[in-house]
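Work out the full structure: start from the sequences and follow the hints.
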Amino acid sequence: MTISIRSVEKQYGRYPALNKVGLEIADGELLALLGPSGSGKTTLLRVIAGLEFPEGGQVLFNDQDVTFASAAARRVGFVFQQYALFKHMTVARNVAFGLDVRKGKDKPSKAEITARVDELLKLVELDGLGGRYPSQLSGGQRQRVALSRALAVSPSVLLLDEPFGALDATVRKSLRRELRRIHDATGVTTIFVTHDQEEALELADRVAVLNAGQIEQVGTPDEVHDNPASPFVCGFVGEANRFDGVVSGGQFTAGPVVLAAPGARDGPSIAYVRPHDFLLDESGFEARIERVAPQGPLAHVEAVLADGRRIEVTVARDDAPRFAGLVKLSSRRSHVFAA
Amino acid sequence: MDDAHAMTAETYAASPTPVVRRALFRRRSAIPGFGVTLGVTLTILSLIVLIPLSAVAIKAAELSPQQFLAAAFSERALAAYRLSFGAAFVAAVINGVFGLLTAWTLVRYEFPGKAVINALVDLPFALPTAVAGIALATLYAPNGWIGAHLTPLGIKAAYNPIGVTIALIFIGLPFVVRTLEPVLRDLAADVEEAAASLGASRLATILRVVLPALAPAWLTGFALAFARGIGEYGSVIFIAGNMPYKSEIAPLLIIIQLEQYEYAAAASIALVMLGFSFLMLLVINAVQAWARRFH
Amino acid sequence: MARARHPTQDPLWAKLIVITLVMVFLGLVLVLPLAAVFAEALRKGVDVALAAISTPDALASVQLTLITAAITVPFNAVFGLCAAWAIAKHEFPGKALLITLIDLPFSVSPVVAGLIYVLVFGMQGWFGERLVDHDIKIIFAVPGIVLATIFVTFPFIARELIPLMQEQGTSEEEAAVSMGASGLYTFWRVTAPNVRWGLLYGVLLCNARAMGEFGAVSVVSGHIRGLTNTMPLHVEILYNEYDFVAAFAVAALLCLLAVVTLVLKAALEIAQPAVRGRGH
Numbered sequence: 001m002t003i004s005i006r007s008v009e010k011q012y013g014r015y016p017a018l019n020k021v022g023l024e025i026a027d028g029e030l031l032a033l034l035g036p037s038g039s040g041k042t043t044l045l046r047v048i049a050g051l052e053f054p055e056g057g058q059v060l061f062n063d064q065d066v067t068f069a070s071a072a073a074r075r076v077g078f079v080f081q082q083y084a085l086f087k088h089m090t091v092a093r094n095v096a097f098g099l100d101v102r103k104g105k106d107k108p109s110k111a112e113i114t115a116r117v118d119e120l121l122k123l124v125e126l127d128g129l130g131g132r133y134p135s136q137l138s139g140g141q142r143q144r145v146a147l148s149r150a151l152a153v154s155p156s157v158l159l160l161d162e163p164f165g166a167l168d169a170t171v172r173k174s175l176r177r178e179l180r181r182i183h184d185a186t187g188v189t190t191i192f193v194t195h196d197q198e199e200a201l202e203l204a205d206r207v208a209v210l211n212a213g214q215i216e217q218v219g220t221p222d223e224v225h226d227n228p229a230s231p232f233v234c235g236f237v238g239e240a241n242r243f244d245g246v247v248s249g250g251q252f253t254a255g256p257v258v259l260a261a262p263g264a265r266d267g268p269s270i271a272y273v274r275p276h277d278f279l280l281d282e283s284g285f286e287a288r289i290e291r292v293a294p295q296g297p298l299a300h301v302e303a304v305l306a307d308g309r310r311i312e313v314t315v316a317r318d319d320a321p322r323f324a325g326l327v328k329l330s331s332r333r334s335h336v337f338a339a
Numbered sequence: 001m002d003d004a005h006a007m008t009a010e011t012y013a014a015s016p017t018p019v020v021r022r023a024l025f026r027r028r029s030a031i032p033g034f035g036v037t038l039g040v041t042l043t044i045l046s047l048i049v050l051i052p053l054s055a056v057a058i059k060a061a062e063l064s065p066q067q068f069l070a071a072a073f074s075e076r077a078l079a080a081y082r083l084s085f086g087a088a089f090v091a092a093v094i095n096g097v098f099g100l101l102t103a104w105t106l107v108r109y110e111f112p113g114k115a116v117i118n119a120l121v122d123l124p125f126a127l128p129t130a131v132a133g134i135a136l137a138t139l140y141a142p143n144g145w146i147g148a149h150l151t152p153l154g155i156k157a158a159y160n161p162i163g164v165t166i167a168l169i170f171i172g173l174p175f176v177v178r179t180l181e182p183v184l185r186d187l188a189a190d191v192e193e194a195a196a197s198l199g200a201s202r203l204a205t206i207l208r209v210v211l212p213a214l215a216p217a218w219l220t221g222f223a224l225a226f227a228r229g230i231g232e233y234g235s236v237i238f239i240a241g242n243m244p245y246k247s248e249i250a251p252l253l254i255i256i257q258l259e260q261y262e263y264a265a266a267a268s269i270a271l272v273m274l275g276f277s278f279l280m281l282l283v284i285n286a287v288q289a290w291a292r293r294f295h
Numbered sequence: 001m002a003r004a005r006h007p008t009q010d011p012l013w014a015k016l017i018v019i020t021l022v023m024v025f026l027g028l029v030l031v032l033p034l035a036a037v038f039a040e041a042l043r044k045g046v047d048v049a050l051a052a053i054s055t056p057d058a059l060a061s062v063q064l065t066l067i068t069a070a071i072t073v074p075f076n077a078v079f080g081l082c083a084a085w086a087i088a089k090h091e092f093p094g095k096a097l098l099i100t101l102i103d104l105p106f107s108v109s110p111v112v113a114g115l116i117y118v119l120v121f122g123m124q125g126w127f128g129e130r131l132v133d134h135d136i137k138i139i140f141a142v143p144g145i146v147l148a149t150i151f152v153t154f155p156f157i158a159r160e161l162i163p164l165m166q167e168q169g170t171s172e173e174e175a176a177v178s179m180g181a182s183g184l185y186t187f188w189r190v191t192a193p194n195v196r197w198g199l200l201y202g203v204l205l206c207n208a209r210a211m212g213e214f215g216a217v218s219v220v221s222g223h224i225r226g227l228t229n230t231m232p233l234h235v236e237i238l239y240n241e242y243d244f245v246a247a248f249a250v251a252a253l254l255c256l257l258a259v260v261t262l263v264l265k266a267a268l269e270i271a272q273p274a275v276r277g278r279g280h
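Chain order of the listed sequences is H, B and C.
Residue numbers for the first sequence follow the numbering used here, so the first one is 1 and each next one is one higher.
Residue numbers for the second sequence follow the numbering used here, so the first one is 1 and each next one is one higher.
Residue numbers for the third sequence follow the numbering used here, so the first one is 1 and each next one is one higher.
Just so you know, these hints were derived from the structure itself, not from any lab.
Keep in mind that the hints are not guaranteed to be accurate.
Estimated spans, in silico, between C-beta atoms of each pair [said to hold, decoys possible]:
1. C:P74 to H:E55: 35 to 45 Å
2. H:A212 to B:A57: 41 to 51 Å
3. H:G296 to B:R292: 20 to 30 Å
4. C:T20 to H:G128: 53 to 63 Å
5. B:N285 to H:A26: 47 to 57 Å
6. H:Y12 to B:N285: 21 to 31 Å
7. C:Q124 to B:N285: 33 to 43 Å
8. B:W290 to H:D27: 52 to 62 Å
9. C:I224 to B:N285: 55 to 65 Å
10. B:F85 to C:K137: 28 to 38 Å
From the derived model, a few chain B residues whose C-beta atoms are all more than 12 Å from chain H [claimed, not checked]:
11. R208
12. P244
13. A286
14. R293
Using N, Cα and C, we set each Cβ at its ideal position, and we do this for glycine too.
Printed below as a string of structure tokens:
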């Protein structure tokens with residue numbers, strides 16, 4: 001199932017939630033909608049699902065206009081942020097719901113439904129828990145039930161709203177891999193919303209970064225991280241040191257910091273340098289090392305420049321001893337944008 | 001907008017799949033039933049509440065301004081308002097004090113019989129007002145259980161404004177208790193612990209931290225009890241004595257006018273009371289909007 | 001050294017004073033009237049009291065009260081469910097105003113509630129002549145009593161359901177709808193199980209008030225014995241005729257209704273803490 005979103009607009013009161021958003025999603029893709037809260041990512045997901053309807057623009061599923069079609073007609077599987085499990089139904093009844101509501105010849109037989117539920121619970125590794133009620137499950141287990149309930153109707157697209165938002169860090173990590181595995185096993189086009197850039201970069205085939213109701217950039221995790229299209233993407237995806245300065249003749253200057261900026265237009269500019277893109281360089285600018293904090297195979301270095309501004313540097317643990325006292329730094333890569 | 005609509009409509013028509021044809025109209029909400037339920041709600045609300053209520057204003061408008069003033073603000077009517085408003089106010093104040101103590105007791109203290117007390121607080125909601133009325137009248141009559149003890153002290157409770165106030169205390173109590181209770185329960189203990197850790201005494205903590213936090217709910221409960229008291233009829237008329245200019249409440253005056261077929265005059269008094277009801281609604285909404293700023 | 005009190009605990013003496021004050025106050029204001037009703041009813045013995053509630057007029061008033069409640073409560077339940085569905089599960093402008101208007105009958109004097117139907121349906125009212133022409137009686141008849149009762153109990157169920165359904169959000173309904181459930185199916189299978197206790201709570205309160213309403217019904221009933229007297233009106237007539245034992249006997253019956261209501265309500269609050277009183 002390919003999905004096309006064409007200049008979709010949606011407002012809440014006078015404040016635009018989506019501002020002429022366009023996005024193409026390929027069949028079988030696993031796409032992340034990444035952005036801060038209020039960026040419109042959840043609204044976009046709900047517009048794709050048919051839970052909200054836009055004021056302008058179109059949503060196409062396989063070139064068919066479904067802008068105002070109901071969620072059921074679109075055959076989407078939606079996993080809600082707080083899971084929205086039916087509290088008074090067992091896990092099995094929850095998962096079977098989408099099949100139970102079918103009518104006439106579309107409705108599978110009891111045995112078929114039972115078999116499908118068993119199969120799905122096995123897929124999410126909850127076999128044997130079909131008789132429990134949602135309140136008897138852990139957060140991670142509820143999340144899996146929500147996922148299998150959404151998959152039960154063999155959806156054309158699987159949509160997940162902050163699927164790991166309510167879980168603690170360890171469960172989150174393992175469920176992330178789980179989602180990837182299930183996606184690969186079913187091949188269903190999947191879109192999930194997250195505000196966690198690490199989650200988006202680790203899990204998705206492609207990431208769409210949203211800000212203030214607009215898509216800032218769409219690309220593979222590498223593209224978004226290494227070649228950010230805008231200052232926002234650079235600041236939001238991955239860590240970055242920000243410098244406000246001036247470009248002149250292909251060179252960016254902000255106080256003592258001098259960075260190569262080939263092709264950048266002259267004038268006031270903002271430069272971003274990722275912490276791991278600094279390196280020791282005798283021809284670079286001077287920095288005084290304040291603190292070195294080892295973390296696994298890496299070390300986080302806090303440094304102060306000649307004009308008092310602070311930067312963060314990430315280096316390999318083995319190189320850490322070389323960062324002491326006064327050092328000279330330059331950057332192997334920087335991102336310069338006109339201010 | 002229109003172009004976009006025309007375009008989507010065309011695409012729908014051209015598409016052979018039933019999936020798309022179902023959605024020719026512009027949807028507002030993903031959950032169905034909005035139109036029907038809102039329609040039913042507005043229709044019933046209009047037929048049962050809004051249109052009949054407007055009859056009061058329309059009937060009162062049959063009178064000339066002078067006639068209206070004469071009917072709505074006659075000496076007798078003014079005396080009735082004074083009694084209804086005054087007694088309701090005093091009762092609401094007394095309920096404000098004891099309602100707060102009751103709510104505090106129910107939320108903060110554990111003691112035997114608490115569940116019974118808790119259920120009992122709602123008695124005025126559940127007990128028919130006429131039953132409360134005759135019970136109070138009997139209790140406070142000069143030969144009643146309580147009245148017999150008051151008469152030697154020179155206090156005449158029944159058939160007097162005091163009796164009206166007593167009935168309105170009965171009616172208004174649960175409004176104050178039930179409005180305060182949830183707020184008191186949700187009041188996080190850590191705020192009080194913080195106050196205590198900063199060196200505040202228990203009394204200072206209650207006066208400066210707890211009570212201010214309860215103020216909006218207290219005011220709301222007070223206003224609810226006050227508004228209910230002004231309109232109350234059943235529990236009051238048996239104990240009031242219903243003497244014109246002395247112990248006659250405003251709602252009774254409406255009934256007296258009605259019995260004399262003075263419909264417009266009855267509507268005039270009703271209009272004054274309705275105006276006050278709206279005012280109280282505004283006050284209560286304003287207090288709650290104010291309270292929300294703290295949450 | 002004595003163990004210090006926890007900062008949220010009051011000293012024992014303060015506790016005792018407050019509890020005593022509250023007990024005395026509640027005893028005077030609530031318990032004594034309740035006791036007085038039963039004492040007065042049984043003053044001349046159980047037989048006299050039972051005889052008083054089994055006169056034809058008394059039985060007719062019981063019947064009318066039951067009929068009134070049997071119409072009012074389902075009507076307001078349907079209204080409450082419709083209003084709560086529209087308000088809690090959808091977004092639209094003017095919602096706050098609508099909620100205020102639904103609450104309006106609570107702040108209207110019951111006497112005014114009765115008066116408005118006299119003005120609309122009474123002999124001199126808007127439809128008075130046309131109703132007489134068609135020989136339809138609303139005022140001084142059962143329909144007027146039912147209408148006035150519906151008015152005064154109008155918000156009970158709606159205001160119980162609206163906040164409850166708002167708290168529960170819309171995602172369960174959205175989940176059901178996205179899986180292909182129809183609106184009614186979603187309501188019965190997903191929403192109703194979540195709100196049934198709240199609905200029952202509202203029904204309980206609505207029923208108590210419907211059976212006990214006095215002021216509004218008094219205006220529209222006409223006090224025709226055996227025909228348009230509800231139980232509270234029957235109590236009034238007996239009381240005004242100085243037939244105190246009979247008045248209090250019927251009143252005691254209404255007290256039992258109140259006590260049963262309170263017991264059920266307390267049981268419901270203990271079993272389902274989520275549905276607590278939301279103020280009335």
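Structure-based check of each hint:
no.: 1; hint: C:P74 to H:E55: 35 to 45 Å; verdict: holds (40 Å)
no.: 2; hint: H:A212 to B:A57: 41 to 51 Å; verdict: holds (49 Å)
no.: 3; hint: H:G296 to B:R292: 20 to 30 Å; verdict: violated (47 Å)
no.: 4; hint: C:T20 to H:G128: 53 to 63 Å; verdict: holds (57 Å)
no.: 5; hint: B:N285 to H:A26: 47 to 57 Å; verdict: holds (52 Å)
no.: 6; hint: H:Y12 to B:N285: 21 to 31 Å; verdict: holds (24 Å)
no.: 7; hint: C:Q124 to B:N285: 33 to 43 Å; verdict: holds (35 Å)
no.: 8; hint: B:W290 to H:D27: 52 to 62 Å; verdict: holds (55 Å)
no.: 9; hint: C:I224 to B:N285: 55 to 65 Å; verdict: violated (41 Å)
no.: 10; hint: B:F85 to C:K137: 28 to 38 Å; verdict: holds (36 Å)
no.: 11; hint: R208; verdict: holds (36 Å)
no.: 12; hint: P244; verdict: holds (55 Å)
no.: 13; hint: A286; verdict: holds (22 Å)
no.: 14; hint: R293; verdict: holds (20 Å)
The structure fails to meet hints 3 and 9 from the earlier list, while all remaining hints are met.
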